[in-house]
Amino acid sequence: MKQIMVGVMAALAFRTPFLHAQDLKPKGRWFDHRDSAIFQPFHPTKKIKEQLPSNFFELGKEGDLSMFRINLHGGKIGDYALVNKRLCGAHNCTYVLIDGRDERRFGEVSGSAIYIMDQKINGMPIITSYNQWGAEEGIYTCYVFDGKAYASVSAIKLEGASVRALFDNMAGLEKIGSLSPGPKTQQ
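Note that my numbering has the sequence shown beginning at 1, numbered continuously upward.
Everything labelled a hint here was simulated from the structure, so no lab data went into it. There may be inaccurate statements among the hints.
As the list claims (entries may be wrong) - Here are the simulated DSSO-like pairs of lysine-lysine, each with C-alpha atoms no more than 27 Å apart in a straight line:
#1 Lys-175 / Lys-27
#2 Lys-175 / Lys-76
#3 Lys-85 / Lys-46
#4 Lys-27 / Lys-46
#5 Lys-49 / Lys-85
#6 Lys-85 / Lys-157
#7 Lys-76 / Lys-120
#8 Lys-157 / Lys-27
#9 Lys-148 / Lys-46
#10 Lys-120 / Lys-148
To be verified - Simulated restraints on C-beta separations:
#11 Ala-155 / Asn-122: 13 to 21 Å
#12 Lys-175 / Ala-135: 31 to 39 Å
#13 Glu-136 / Lys-175: 29 to 37 Å
#14 Trp-133 / Asn-55: 18 to 26 Å
#15 Asn-55 / Gly-134: 19 to 27 Å
#16 Lys-148 / Ala-171: 32 to 40 Å
#17 Lys-49 / Ala-135: 18 to 26 Å
#18 Gly-74 / Ile-156: 24 to 32 Å
#19 Asp-102 / Lys-157: 34 to 42 Å
#20 Ala-171 / Glu-50: 34 to 42 Å
#21 Ser-54 / Gly-172: 36 to 44 Å
#22 Lys-76 / Ala-135: 39 to 47 Å
What you are looking at is a predicted structure, and each value in this text was computed from that prediction instead of being measured. Even glycine gets a Cβ: it sits at the ideal position worked out from N, Cα and C.
Sequences are here, hints too, so could you generate the full structure?
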């Protein structure tokens with residue numbers, strides 16, 4: 001039953017690029033690595049550093065890490081989406097999600113635009129992303145929280161009018177535009 005519910009909720013999250021009804025606009029927030037003015041250096045604590053993929057430090061140095069402060073849990077302490085901007089391709093980045101309460105890694109998402117929807121599964125927002133492949137071509141992916149971490153549950157290739165419809169539909173979402181310092185660093 002739980003798997004059926006996750007499938008139904010993921011399908012609901014995917015409806016956004018394909019519906020044309022004005023009253024069905026999605027609600028949520030988004031961020032985008034291309035807005036380089038909001039990247040802010042981030043020096044992880046030892047606990048966070050131990051949980052980052054080894055390739056986070058292959059190019060550049062620890063100072064190349066940047067973060068978006070996001071609040072997935074809904075509490076007073078925010079969570080973080082960490083990225084090594086040198087590992088971003090021309091269009092896409094991989095973000096490691098860190099729980100701000102205990103500095104635990106709880107997922108990874110990839111894309112040029114990351115959408116944090118108001119709809120929730122297991123008490124956590126559905127996250128969708130768009131990975132750009134070309135001018136009007138890319139992959140739209142849906143991530144849900146499985147109780148321990150975010151996992152990709154579905155992906156679909158979009159082209160042309162479908163890409164334009166996705167961005168038109170997401171245009172009303174609030175942009176997460178300011179970065180703030182993360183946890184205290186260990187020198």
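Determine which of the earlier numbered hints do not hold for this structure and return their numbers in increasing order. 4, 12, 13, 17
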